[in-house]
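Chemist: If you read the protein sequences in the order shown, they are chains Z and C. So the first sequence is numbered by the UniProt record's numbering: it starts at 1 and just counts up by one. So the second sequence is numbered by the UniProt record's numbering: it starts at 1 and just counts up by one.
You may find that some hints are simply not true.
You can't tell identical chains apart in this list, so a pair holds if it fits in one copy or across any two.
Distance condition first, Cα-Cα at most 20 Å in a straight line; then the derived EDC-like pairs of lysine to aspartate or glutamate [claimed, not checked]:
#: 1; residue 1: Lys5; residue 2: Asp89
#: 2; residue 1: Lys11; residue 2: Glu34
#: 3; residue 1: Lys5; residue 2: Asp50
#: 4; residue 1: Lys5; residue 2: Glu35
#: 5; residue 1: Lys59; residue 2: Asp15
#: 6; residue 1: Lys83; residue 2: Asp15
#: 7; residue 1: Lys11; residue 2: Asp50
Hint data in this document are derived by calculation from the structure and do not stem from the laboratory. Since this is a predicted model, take the numbers as computed values, not measurements.
There are 2 protein chains.
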Amino acid sequence: MKTLKIVAKFKVTPDTREEVLASILKCAELSRAEEGNIYYDVTANVSNPDIIVILEGWKSQAAIDFHNSTAHFKELVQNVTGKAEIEIDVLSQIN
Amino acid sequence: MKTLKIVAKFKVTPDTREEVLASILKCAELSRAEEGNIYYDVTANVSNPDIIVILEGWKSQAAIDFHNSTAHFKELVQNVTGKAEIEIDVLSQIN
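Construct all of the structure, not just a fragment, from the sequences and the given hints.
Modeler: If you want it as structure tokens, here you go:
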């Protein structure tokens, strides 16, 4: 099984930052408890706090599919939609 | 000392992909040998091979400053400039 990484980048505004971050942190805790999760790091750009980036590691595509079906992931999507510009890259390691 | 992560995203074209990737892989090897490096993972978007993402971990801002002063980093910048759309986020962990 091939491990996969995800970079999920959220561009928020000063008005939406707190709410989006709270939703992310709630999802983070539950995501880390998932069997297929390797890591789930919530970070922010050091020079622009309105860029929040989640760095995720997953055991397989099946683990990602399961994660995407969870209530906590669906709740995150619902809570941040319209409050952030979101860019998601699912990545496989080359080197 | 606070560890820092970097996400460096390269949007290439089918024409520039091979050359950019070769430059990145050369820099990767030398970067991993640096004392301040924690990890330097070269990845590609699973659904779009023209998106190459380097996931980096560094022991400190000083380690990043040193890395940015190295010949191999400067060579990478020179080799990829004009051949890729580059987006770099220096990140500190929130959670």
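Chemist: Please work out whether the CA atoms of Lys59 and Asp15 approach to 20 Å or closer within one copy, between two copies, in both situations, or in neither?
Modeler: Cα proximity of Lys59 and Asp15: none, with 35 Å in one copy and 32 Å across.
Chemist: Cα distance capped at 20 Å. Does Lys11 pair with Asp50 within a copy, between copies, both, or neither?
Modeler: Only inside one copy: Lys11 and Asp50 sit 6 Å apart there, 22 Å across copies, limit 20 Å.
Chemist: Evaluate Lys83 and Asp15 at a C-alpha cut-off of 20 Å and name the case that applies: within, between, both or neither.
Modeler: within (9 Å within a copy, 36 Å between copies)
Chemist: Classify it for me, Lys5 with Glu35: is the Cα-Cα distance of at most 20 Å met within a copy, between copies, both or neither?
Modeler: Within one copy only: 15 Å inside a chain, 25 Å across chains, cut-off 20 Å.
Chemist: Up to 20 Å between alpha-carbons, please classify Lys5 paired with Asp50: within, between, both or neither.
Modeler: The answer is between: 17 Å across copies meets 20 Å, while 22 Å in one copy does not.
Chemist: Given a CA cutoff of 20 Å, do Lys11 and Glu34 count as a within-copy pair, a between-copy pair, both, or neither?
Modeler: So Lys11 and Glu34 fail the 20 Å test inside a copy (26 Å) and across (32 Å) alike.
Chemist: Using 20 Å as the alpha carbon limit, work out where Lys5 and Asp89 are close: within a copy, between copies, both or neither.
Modeler: Both. Shortest intra-copy (8 Å) and inter-copy (16 Å) distances satisfy the 20 Å Cα cut-off.
When each numbered hint is compared with the structure, violations occur for hints 2, 5.
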